[in-house]
Amino acid sequence: MDMIPLFHLMILIVFPPLLLGVIGKTKAFFAGRQGPSLWQPYFDLYKLMQKSPVYSVTTTWIFRAAPLVSTAAILAAGILLPITSLKPAVQFWGDLVLFIYLFALARFVIVLAALDTGSSFEGMGASREATFGCLSEITMFLNLTILALISRQMSLSGIFIGGLASCWVLVGPVLILVVVSFFLVLLAENARIPIDDPETHLELTMIHEVMVLDHSGVDLAYILYGKAVKLFLFATLLISVIFTFKTHQFFIDIVLFVIEILGLAVVLGVVESTMARLRMNKVVYFLFSAFIFSIIGFIVVLVRLMGAHS
Amino acid sequence: MNVWLDSVLILVIILGLFIVASSRLGTMIQLFGVQSSVLGVVALLLYAQDLEFYIVFVALAAIVLRGIIMPNFLFWAIRHVSVRSEVSPIIGLGVTLLLSALSIVGSFLLASKLVFPAAIGSELIIPSSFSLIIMGFILIVGRIKAISQVIGYLLMENGIFLFAILLLKKMPLLVEMGILLDLFIATVVMGIVVNNISDEFNNMDTLELTTLKD
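Note that the protein sequences, when read in sequence, are chains B and W.
Residue 238 in this note's numbering sits at position 238 of the first sequence; the count goes up by one each step and never skips.
Residue 142 in this note's numbering sits at position 142 of the second sequence; the count goes up by one each step and never skips.
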C-alpha cells in the first residue's frame with residue numbers, strides 16, 4: 001500500500017500549531033523577552049480539550065456545530081493540497097475550486113455561529129469578516145487561476161508537483177505578483193498583524209477574534225486548531241509557489257519543506273513585530289492592493305498566452 | 001519574451017498605482033522619481049541588443065532630469081506650504097484605485113485591438129503607457145491640491161515617454177528632447193504657480209481659482 005498520503009495526513013494534523021509557536025517565539029525575541037516555549041500552542045490545545053464548554057441559552061445547534069464543521073472543512077481542504085512532493089490523499093480535475101470553497105464554508109459556519117449568539121458585538125465581527133472575506137476570496141481565486149493557466153494543470157497536485165517547475169524562467173514577473181498577493185491574503189485571512197491582532201481583545205478593531213468570544217472549552221480548541229491548520233495551508237501554498245525545486249527524495253524534501261515553512265513563520269513573526277496594525281478603513285485598501293496585484297498578473301498571463309497562440 | 005523587461009514594466013504600472021492611491025504629497029513625489037528612473041531603465045533594456053550612444057543619452061537624461069531634478073524641484077515647491085497631504089480629494093482614494101485598475105484592464109483590451117506597423121519589443125509597453133496616461137488624467141481630475149495635479153500631469157508625461165521610447169530608433173532624440181524640455185518648463189511654471197496660490201490663499205487648492213483677471 002502507498003504510504004505517502006498517510007504521511008501527508010500526519011504532517012497536516014501534527015505540524016500546524018508549531019508554526020504559531022515559532023511566530024510567538026520570534027515576536028518574543030523582538031520584544032527582548034524569553035517568550036513561551038515552542039510547544040505552547042500544543043499545551044494550550046491540550047488544556048482546552050480538558051475543559052467542558054459553556055453554552056448560552058440563546059444559542060441553538062448551529063453554535064455547537066460550527067467549530068466542528070469549520071475545522072473539518074479546513075482539514076478537508078488540507079487533504080487536497082500537496083506538501084512539497086508528497087501526493088495528497090485526494091486529487092481530481094478542478095479540485096482548486098473545492099479548495100477555495102471549503103475555506104469559504106469554514107468562514108460561513110463561523111459567521112453563522114457568531115450571529116447565532118445574538119450578541120450585537122459578535123454580529124459586528126461577523127459583518128467585518130464577511131466583508132473582508134469577499135475581497136480575499138476573489139484574490140485567492142484569481143491567483144490559483146493564474147497558476148492553473150501557466151502550469152496548464154487543473155488540480156492542486158498537478159500544479160504544485162511538477163507543473164510550476166519551469167514557470168519561474170518563463171513568467172517570473174507574474175509569479176512574483178502572485179507571491180506578493182498571496183502573502184497579503186495570508187496576512188489578512190489568518191488575522192495576522194497589519195490586519196488584525198490575534199492576541200488582543202480590543203473591541204473596536206477585532207475581526208476574527210470577536211466572532212469566537214462565546215466559544216469555550218473543546219469548541220475553542222477546535223477553532224484555534226482550525227486556525228492553525230489554515231495558517232499552515234496558506235503557508236504551504238505560498239512556499240510551494242516560491243520554491244518549486246524538488247528532489248523527489250522523500251526525506252530530503254520533507255527536511256527542506258520544514259526549513260522553508262519555519263523560515264516563513266519567522267518572516268511572519270518579523271512582519272508582526274515591525275509593523276503596526278492598520279486602521280480598520282485601510283484594510284480595504286490592503287486587500288484591494290492584493291487584488292490588483294493578482295489582476296495585473298492575470299492580464300499579463302492572458303496577453304502572454306494569446307501571444308503564444310497567435 | 002524578455003523577463004527583465006516584463007518585470008520592469010509591471011513595476012512601472014504598480015508604481016503608478018501607488019502614486020494614484022497615496023494621499024501624502026511627499027510619497028507621491030518620491031514614487032514619481034522612482035518610476036521615472038525605472039522608465040530610463042526600460043529604454044536601456046528595450047534596446048539592449050544594439051545599444052547606441054543616443055539611447056544611453058536619452059535614458060540617462062530621463063533618469064537625471066525626471067528621476068532626480070524634478071522630484072527635488074517639487075519638494076522645493078511644497079517646502080513652504082504647510083499642507084502635506086491631500087485631505088479631501090474630489091474622487092476618494094478607493095474609487096481612484098478602482099478606476100485605475102479598470103484603466104489597466106481597458107488599456108490592455110485597447111492595445112490588443114490596435115495594429116502596429118513595426119514589431120514591438122514587448123507586448124506590455126503600449127498597454128502600460130496607455131494606463132499611465134489614464135491614471136494621470138484621473139489624478140488631474142480627482143485631486144484639489146495643485147501639486148497633486150502637477151504630479152498627475154507628470155504621470156501622464158511618463159506614459160507618453162514610454163510610448164515614445166518605441167519610436168527611439170525612427171526619430172532619435174527629437175521627440176524625447178522636446179518632451180523633456182516641455183516637461184521641465186511646465187514643472188517650473190507649475191511650481192511657481194503653486195507657490196503663488198499658497199501665498200495668496202494660505203493653501204494650494206485649485207478650487208480657489210475661480211475668476212480670471214489680467
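Rather than coming from a laboratory, the hints here were simulated on the basis of the structure.
There could be a bad hint or two in this list.
Unchecked claim - Reference excerpt, derived from the structure (chain B facing chain W, CB under 8 Å, subset only):
| # | residue |
| --- | --- |
| 1 | A130 |
| 2 | V218 |
| 3 | I292 |
Unchecked claim - Which chain W residues stay away from chain B? Per the calculated CB distances, all over 12 Å, these:
| # | residue |
| --- | --- |
| 4 | I10 |
| 5 | F18 |
| 6 | N72 |
| 7 | F73 |
| 8 | L102 |
| 9 | F137 |
| 10 | I160 |
| 11 | K170 |
| 12 | T210 |
| 13 | T211 |
Note that beta-carbon positions come from the ideal geometry of N, C-alpha and C, so glycine has one too.
Verification of the hints:
no.: 1; hint: A130; verdict: violated (18 Å)
no.: 2; hint: V218; verdict: violated (41 Å)
no.: 3; hint: I292; verdict: holds (5 Å)
no.: 4; hint: I10; verdict: violated (5 Å)
no.: 5; hint: F18; verdict: violated (8 Å)
no.: 6; hint: N72; verdict: holds (28 Å)
no.: 7; hint: F73; verdict: holds (29 Å)
no.: 8; hint: L102; verdict: violated (10 Å)
no.: 9; hint: F137; verdict: holds (18 Å)
no.: 10; hint: I160; verdict: holds (21 Å)
no.: 11; hint: K170; verdict: holds (23 Å)
no.: 12; hint: T210; verdict: holds (32 Å)
no.: 13; hint: T211; verdict: holds (37 Å)
When the structure is compared with the earlier hints, violations turn up for hints 1, 2, 4, 5, 8 and for no others.
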